Amino acid sequence: MSKDLIEQIVNNVLQGRRNKDDEGIEEGMTGDPGVAELVQKALDSGTDTNDILLNGLSRGMELVGEKYETGEYFIPDMLTAAEAVEEGMKVMEPHLVKGEGGSGKGKVVMATVEKDLHDIGKNLVSIMLKGAGFTVVDLGIDVPAARIAEAAEEEGAGLVGLSALLNTTMSNMGDVVKELEQKGLRDKVKVLIGGAPTSEDFAKEIGADSYGKDAFAAIREAEKLLK
Amino acid sequence: MSERGIVVHKPYARLSREQMEMIDKASLDLLENPGILCYHEESVTMLEKAGATAKATREGEHDAWWVSIPAKVVKQALDTVPATVTLGARNPENKVILEAEGNRVHFGSGSETNYWLEVKPEKFTSTEDGRERVLPIMKRNRGSLEYLCRSAHLSEQLENLDFFIRNVNVQDTDVTTENKDVNVFFAALNNITKPVVSGVADFDQLEQVVKMAEIIVGGRDELVKNPVVSFITSVVKSPLQIVAETAEKLIAIARLGLPVVISTSPQGGSTAPIDEVGMVAQVNAEALAGITINQLANPGAPVIYGAVPVRARMDDLHDMYGVPEFCHYNMDCAQMARYYKVPCYSTAGVGDAKVPGIQASVEKMYTYTAVPFAAPGLVHYAFGLLDKTQTFSPEQAVLDNHKIGMAKFLHRESGITEEAIERTKKTVQEVMHSPYRMYARYARGMLRRGEIFGGFPFEGESEDQDQTLLNVHEHLKELEAREPQYLSEDVCKEIFDKIPGLLPRLNPYK
Ligand code: B12
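Going down the list, the sequences are from chains A and B. Take the first sequence: its position 110, counting from 1, is numbered 110 in the working numbering, and each next residue is one higher. Take the second sequence: its position 234, counting from 1, is numbered 234 in the working numbering, and each next residue is one higher.
Hints were generated in silico from the structure; no laboratory data involved. Keep in mind that the hints are not guaranteed to be accurate.
Unchecked claim - Partial pick of chain B residues on the chain A-facing surface, computed with a CB cut under 10 Å:
1) Asn33
2) Ser68
3) Asn169
4) Asp316
Only a predicted model underlies this, so the values are computations on that prediction, with no experimental measurement involved. Where is the CB? At the ideal position from N, CA and C, for every residue including glycine.
Take these sequences, add in the hints, and give me the full structure.
Have a look at this one:
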């Protein structure tokens, strides 16, 4: 029974179905239980939370990644699947023991820096990080450096992810590093940056820990930094 | 009457009248529900006064309002939009006159690319046949004021470029937020006598930019008559959000009575539906929201319907310009603008390719040909843009100038008249009774009158190598060597005396 449920969770992640109202990639799935209902059912039937997390949600997302690599899946499939995983995580949350898998692979505060409104790339990164099992607190766009540092502290985040698309705003990323230093948080909170005008060199220049060229690099770097 | 651009005699009507009415209705319905999410309080107040309802909310770190705009508010605003908008120019012969219901299409540059692509010919010896060949080597450099001056000067030389939107994002270390606008506007205005259209980065510099333009034309009234600068405001953040800082600029520009493009650039598949119906319904609603705010701020202010709908690339969600959907979206928007009797700003010619070459040529030629068929008044992004607007290549701009020439030539009239038919019959009769039965002599008149298309000017001689880019590179050097048409010494002096923040190295008389 629970094995079957886990299989169904994997399949519904692949189909990107958050709940029963969602359509899948295949026709005729609307109305069938989606990830949220299936996770609830699995919990009700006493399935181990780790089993749901690793063999269900994470496994599903891994398969999605593989399908993307082979060209069968595209970014919209990835985003939709990641949203389904996020729904599953929400249902799981109250059942997870604090500290142990409580925030999955770790907590990330994401933001587009002050005076910058671009968020397509940042949202993509946020959603994909969630799909990969990170807990993401997304502060949105045009967020002042002080607010980002404050949120990192409040949330106890291990990583801050910063996005900028304008060469006039990318310097604000350096301000976030400085704010974290001033708050004495810099050794606890890593900084990962991204966005078209930024680069590895720029990350070094402002004292960030790493740069990610796209959402996949973001996951790789986040995993490294939060190990 | 403006002689620039090209008249498209029978604009292609992709949408039927009923379909346009359906889109109109859909857009108006969307403006009512869900309405717009507006981050700018003054805009909300104006909209409420006009009959909209607003509800305060909080989005992340910011105050915002859900504003439901009834159709009548939008329609009233549309009633006051002027049907003709003039983009002024230092040389009055270069003015661009946009008539909402006219069919004249103008091509221009844009937009702020981070990189300038340098082409350098370099000699290589083949390990295959031992022969030496020259190949174009490319290098991306960060944009600078110097590059901006060069691109404005080059744009002056390109005969198919009708208006200038700065296409290089300046990243000099001595250019700051506080002095950027005055310097980039001066760099443009000092190097080109065609209309300069541009965004303003910093609200506080708008006044200085306008003052600079007034010095050039000789006062505020002159500027309104001959607006040598016009503006672009990306006031909409798709989907359906109004950006506070830009709305502020939009309102200020409207009150100055200067032309402004309301630019909205949703990406089908991420910030707008990817299907044509969904995209057009939304982008049209967004353009209408911007126009409404503009007209509420100053009824009758010159405004341009700017829609830059693009498609998302499915494997990385970056913009895609060289695809059929892009043409569909843009042709539909040109039709919608005409439906509302508002001049239209559209897009063609961006290469998704990173460097000049086969891919860039395919993508560019495709949209240069398709989009103008719908006869939008302005086609921007048309010169030198590569890597989906991240890179500007001057060689590519020269190539694009030629491609646009081809696209324009397509719209020449057929010339079929009673008189021409009679002439044709006579010619055929004559030739049939002539010794060689050749039409060569009859081609000469058209040839001399410039009525025969010149062919590809950068053709190479080589049989084993494409030399186009090398030839364009040589031609570019000639164009760049032409004498610049700087502002007069007096005008420059007055500008440098009165406008703070200008960098002395931009003054040609120093
Ligand atoms: C869409 C867009 C907009 C939309 C934004 C909509 C939105 N919801 O974000 C709107 C219309 C609002 C907009 C406004 C403006 N824009 Co804009 N915009 C773009 C555009 C076309 C695409 C950006 C995008 O979404 N790309 C797709 C995503 C998927 O890619 P991405 O953001 O790079 O993200 C990827 C990576 O960089 C990375 N990444 C991103 N963030 C992070 C974070 C971390 C931690 C990591 C690890 C990785 C990472 O992963 C992502 C996924 O692969 C670019 C052009 C371009 N080609 O980049 C211009 C561009 C960025 N804009 C530009 C400009 C000038 C502006 C404006 C000033 C006015 C104008 N001319 O339009 C305003 C400024 C507003 C403001 N204050 O921010 C210029 C910037 C030049 C410069 N100064 O540097 C560009 C380059 C266009 C151009 N050539 O003129 N813009």
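Numbers of unmet hints, in rising order: Hints 1, 2 contradicted; others consistent.
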